[in-house]
Amino acid sequence: MAAVTTSAERSLNKLAIVGVLIVTIIFLAPIYWIASTAFKPRNLATTIPPTVVFQPEISPFVKLFTKRSQLRTAPTPEQYAAAPWWERLVFDGGEKVVRSGRGEVQWSGYPSRFMNSLIVAITSTILAVGMGTFTAYGFSRFKIKGEQDLLFFILSTRMLPPVVVAIPMFLMYRVVGLNDTHWGLIILYTAFNLSFSVWLMKGFMDEIPKEYEEAALVDGYTRMEAFFKIVLPEAATGIAATAVFCFITAWNEYAFALIMTNRRAQTAPPFIPSQVGSGLPDWTVIAAGTFLFLLPVAIFTFLLRNHLLRGMSFGAIRK
Amino acid sequence: MATAVMTTLDPNSRSAARGMSDLTIRNLFIIPTIVFLIVFNIFPLLYSLGYSFTDFRASSPAAANFVGLQNYRELLNDPFIWSNFAITAKYVIVSVVGQVIVGFGVALLLNRDIPLKGLLTTLLLLPMMLSMAVVGLFWKLLYDPSFGIINYTLGLGSFEWLSNPDMALYAVAITDIWMWSPFVMLLSLAGLSAVPKHLYEAAAIDRAGSFYTFFRITLPLVAPILMIAIIFRTMEAFKTFDLAYILTSQPTTEVISIRLYKMAFQEWQTGRSCALAYIVLIMILAITNIYVKYLNKVKER
Chain A
1 MAAVTTSAER SLNKLAIVGV LIVTIIFLAP IYWIASTAFK PRNLATTIPP
51 TVVFQPEISP FVKLFTKRSQ LRTAPTPEQY AAAPWWERLV FDGGEKVVRS
101 GRGEVQWSGY PSRFMNSLIV AITSTILAVG MGTFTAYGFS RFKIKGEQDL
151 LFFILSTRML PPVVVAIPMF LMYRVVGLND THWGLIILYT AFNLSFSVWL
201 MKGFMDEIPK EYEEAALVDG YTRMEAFFKI VLPEAATGIA ATAVFCFITA
251 WNEYAFALIM TNRRAQTAPP FIPSQVGSGL PDWTVIAAGT FLFLLPVAIF
301 TFLLRNHLLR GMSFGAIRK
Chain B
1 MATAVMTTLD PNSRSAARGM SDLTIRNLFI IPTIVFLIVF NIFPLLYSLG
51 YSFTDFRASS PAAANFVGLQ NYRELLNDPF IWSNFAITAK YVIVSVVGQV
101 IVGFGVALLL NRDIPLKGLL TTLLLLPMML SMAVVGLFWK LLYDPSFGII
151 NYTLGLGSFE WLSNPDMALY AVAITDIWMW SPFVMLLSLA GLSAVPKHLY
201 EAAAIDRAGS FYTFFRITLP LVAPILMIAI IFRTMEAFKT FDLAYILTSQ
251 PTTEVISIRL YKMAFQEWQT GRSCALAYIV LIMILAITNI YVKYLNKVKE
301 R
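Respectively, the protein sequence lines represent chains A and B.
With UniProt numbering applied, the first sequence corresponds to residues 1 to 319, in that order.
With UniProt numbering applied, the second sequence corresponds to residues 1 to 301, in that order.
Don't read these hints as lab results, they were simulated from the structure.
Glycine included, every Cβ here is placed at the ideal spot set by N, Cα and C.
Accuracy of the hints is not assured; some may be wrong.
What the hints assert, rightly or not - These stretches of chain B come out as covered by chain A in the derived footprint (C-beta under 8 Å, 3 or more residues):
#1 30 to 44
#2 72 to 80
#3 129 to 141
This is chain B alone, in the form it adopts within the complex (with noise of 0.2 Å):
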């Protein structure tokens, strides 16, 4: 349509002669990208599909076998996996519980009359900049029960953080909870600065008491808001990887990622791991898609 105005004022324009039209602009823009994502996402999605189908191993010349649906079968009936799930579903939990409860109480702390709110925010988001890998290995100094600083600040001698198969998942989640708080509490003070201060003060006005103030008028308020905190955080949680692969080697922090890389890498059963693969896919999306419903949502008020 600008084009058509463009002519009208000046057909002799020479931009106007070699300009392409709006809708290969477009095209041009957009087609690269899709087609980009297409290649290295969902191609690759589809040659694992059918390796899903054979009892190919990546580490052996033999060619697949076409096995119908019995890695499905097979990995459905499997109490370990069923095991492997149940302790990301632990590890989500306590990491995610474990976030909110910090990131936003934090963030109710920053929301008062704080002297360099600025730059204490900043550096309380540097956690969750940082590389989960690198920073993940540091922590097994931390934890270390002879020399590590936790024992000895919390003076409890020499306990066993990540070498205990009871205590390793949960010192994985408090790295976890220590490193992505900030998350939950940046995303937390923007729900709390939102709130309109008239209906603080009409509060105040009515002598409602702090409980009912926060119950009634704040958290309602921001619920939407955390509401993208939590689940973007259990989606990340539940693929969790880096830490528990780095931090432990324990049976007890295997969550579902970690099984999925040993099967596929390690055991090299190539044709299964892309089965629980796509069991995990499933679920990933399935999540996902409540997320993006939930992003539209807040988009819109």
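Bound-form chain A, shown alone (with noise of 0.2 Å):
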């Protein structure tokens, strides 16, 4: 329908860039509303009307980085001066970091959480993309008995609610004591993940003619060889794009993070929710700690956008 021909279509054409314009918009607003405040002094994050114009703090950050306890006694102008700038900033808002016997200033519970959410994030990316690949590979260049049945299966693996499988799966790790470890996370992001990556890497793997192997064969390759010279380094663009949409998954996952860990290996998406307990929670940190935990997968997705498509429908749908 590209062909803008009469005046009533030329019309409707503007309509409708009118119309996108008005819902990306909408739909962005949410998004910019958690950038915005993460920048915002805490004064200014529940005001009406909203706040849209202000001059942008860092505060939020230092805040969600540092223990913080409430000031009694506002600090002395020698205490004030001896800080370095972000404890000021911190000061500032009626509050004090919580320093340790010696001095040391203590973390909040932010960084250790997003560093659980890397461990298990990346390790299971590479688990499941490896024996994805793998298997990928078979399926797609071997005659297999009941191949249809057995991928039904593995996708099925996929389509089950995380809570089915971690009743089951929490029970089982009491015994064998993996709950709140980095392995047990990481053992269920990868099965949940090595359903998709097979399914997506399937069809990257179709599409690389059979022929370049047969002649690296020929060539005197042994099967295995040609797998790992020639067939990996043609499906690199598929394997990097299957990793991203695997790590994905697993960083915002937050069912089985929720049930299976509590602290030691607690990822961000439990997390950042429990800070909003009772009373009013600084929104302007949970935003900062939003934000941060959110920026890798808006950049992710600007880097996969277009494969977006096939890996939202697991392969199915190509373009």
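The task is to assemble the complex, starting from two chains supplied on their own in separate frames and drawing on the hints.
Dropping the structure here:
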């Protein structure tokens, strides 16, 4: 419908442009609100009317990373002058940074949760994509009895509701001591992403012409050598796209993490909501934590933009 | 076969001698994945199938007693469980219908001559890539009756969204629609761009109205892909947990996954929750089956 001819068509098109702009603004408003709240002073986060124009501050991020307590008395001018710039930001908000007996700054719970998220998401991605690539090659190139049934079985493991799987896994992990450990979550996320990675990688493998390997086999390569030296480099883009999808899924996952971890191995998704407890939460700090947590996914979405359709449809629709 | 060819070409090749047979490689590549999935998906389910016939409580040291089908019988006769299913059904309908209307509608708009189409499409897809739990939490601030931007923008005064039992489920569904309309939009765009242009040209020559063109050309051709989007979103909405759990604690938003979570990890009725998990599982497998059949059908085109 690219050819715009009549004036009626042209005005319809203008209407569509206006419509798309309005929808885009509405869809991005919540994300913009998170980003802007992350840079607001606390007293401007919950105002009526909402504050749109303000002097951006970095203090929510300082508060996000440090353990703080209420100031009972204002700091003396000497204390204030001796404090580094970031500590002054906390003083300005009526709080002080908690220090250990030896004067070391105490971290908040956020950085360790963020690290846990990174460890669990990266490790499970490597495992799921690694295994998935081999399996996808197997399904793509060799004759397998009951191939469709096996592929359905693999996909169906992905469709199970997390809470359904979590009940027996929780009981089993309790026996073997995997509750609240990185490996416990890594195994769950690997299993969850493996089926996705097999399905998506199979699509990419199917697109690599068989003739490439056959030529290599004729040249004296073994099947293994042909796989590693010919097929894998050809599949690199597909592997990267699959890996990013697996990473995002593991990074975002909430239900398993809520059930299987509570402190040591807790990831950011169950941690961030747990900060909104009783009383008035400091939304600037929550926004700062949310902002940092969403940033990698937002960047990846742009890198992945040409593969989104394929990934979200399990490789079924390829454009 | 390829190995055989190779051997005849160069019987003294070192690589031919140490190369594994295709059969070995096939098994080596596939079996670990199947075993992994059996150990970590199927075995646990068998484990919980066993518990579903007992009165086991993970919080108590008492041994599990075999109770037969009692858990299943009680669950299926429990009006509260049926009300959880009814809430889930209502949620699925509201959110999937919303996503289809918004997603397909935006796709129709984007299917025209829009400047910066690629950039706008990517921006619109952003919500579905983000963490439901983390972004969902922030919607609590957006919905806040006294200083939320939603009430302010719409001029609703101090309208209660999440703490209003009649409104809470719709509020959760609205957030879900915001997150997942982009998914329907993405798939619809693929369907729309695959409609051959000459069909529209032919319709124009025949002076067909835009209404006729839409219902006779666009919709039937996009329908299969739209159907995939609908089944997939239905399945996901049926399983929904994160958003409703984080946004509200109203009894009117207690979808089946939340009931299951509470039964298993707050009330510690482990045996009973295993039975409920099985009832949910069978329903999900039925929808998955339909979904996969449809995927294969579309793939074959």
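Mind listing which of the numbered hints don't hold for this structure, in increasing order? Per hint list: single violation, 2.
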